[in-house]
Amino acid sequence: MLVEFDRSLTSMAAIRAGLESVALTERTTRAARHVDLPVVYDGVDLRDVAALTGLDEDEVVRRHSGSEFIVRFCGFAPGFAYLDGLDPSLHVPRQATPRAAVPAGSVAIAGEFAGVYPRRSPGGWQLLGRTEVALWDVAASPPALLTPGTTVRFVPT
Amino acid sequence: MTIRLLPYGQDAVLVELPGPSTVVPFAEVALELPGVLEAVTGRRRCSSSSTAH
Chain Z
1 MLVEFDRSLT SMAAIRAGLE SVALTERTTR AARHVDLPVV YDGVDLRDVA ALTGLDEDEV
61 VRRHSGSEFI VRFCGFAPGF AYLDGLDPSL HVPRQATPRA AVPAGSVAIA GEFAGVYPRR
121 SPGGWQLLGR TEVALWDVAA SPPALLTPGT TVRFVPT
Chain X
1001 MTIRLLPYGQ DAVLVELPGP STVVPFAEVA LELPGVLEAV TGRRRCSSSS TAH
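Residue numbers (the numbering used here), protein chains in the order written: chain Z, 1 to 157; chain X, 1001 to 1053.
Mixed in with the good hints there might be a few duds.
[Unchecked claim] Label-pair restraints from in silico Cβ distances:
| hint | chain 1 | residue 1 | chain 2 | residue 2 | range |
| --- | --- | --- | --- | --- | --- |
| 1 | X | 1019 | Z | 139 | 31 to 37 Å |
| 2 | Z | 98 | X | 1003 | 37 to 43 Å |
| 3 | Z | 63 | X | 1007 | 42 to 48 Å |
| 4 | Z | 140 | X | 1037 | 43 to 49 Å |
| 5 | Z | 51 | X | 1035 | 31 to 37 Å |
Simulated from the structure, these hints should not be mistaken for laboratory data. Note that beta-carbon positions come from the ideal geometry of N, C-alpha and C, so glycine has one too.
Build out the structure end to end from the sequences listed, making use of the hints.
Below you can see the structure in the form of structure tokens.
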């Protein structure tokens, strides 16, 4: 973790003291926020992912929806969360050539991560399906539905 | 609790955390400290290929 601070207001020693005082047991055992995302598994890459993994399409869906993910960090686009917890059998490479436009709500995987595209954008991940849930809402607080630490499960519909 | 801090320039510090489950709690605490501007978290094993969208 990188902590940036204002040297006119604090010091390295103060930050060390603050972090060393963390009541870690209490904080790590409290209930994390959880989000269920309904998914229609009709992604254009579902067949290719099945071929890459040696599984049939139903088994790909079963393993993707059978895992609980956790948001490790966010980036790339507002509301895009990198989800850790993907079944190792589903670790597949990105598309050799990224698409110029991936539809909003696309549920995707690449490497060890899973994710959902919050808006129409370029992208190279393998598309398994889609969700209608809004990942980014400027009227909400916070605007991002998925924030670090949130647990996520994909629910086939 | 003893944690390892590595100065990163004059106004930032890298904090080596005990494990993945501690990232969020430490980030929350860091953000509550007076004078802290940002706490950026990420996995240790990140690469441009794994985090590209």
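Quick rundown of the hints versus the structure:
1. 1019(X) - 139(Z): 31 to 37 Å: holds (36 Å)
2. 98(Z) - 1003(X): 37 to 43 Å: The hint (37 to 43 Å, Cβ to Cβ) holds, given that residue 98(Z) and residue 1003(X) are roughly 39 Å apart.
3. 63(Z) - 1007(X): 42 to 48 Å: holds (43 Å)
4. 140(Z) - 1037(X): 43 to 49 Å: With a Cβ separation near 24 Å, residue 140(Z) and residue 1037(X) fall outside 43 to 49 Å, so the hint is violated.
5. 51(Z) - 1035(X): 31 to 37 Å: 53 Å Cβ-Cβ, so the 31 to 37 Å window is violated.
Hints 4 and 5 from the list above are not met by this structure, while the remaining hints are.
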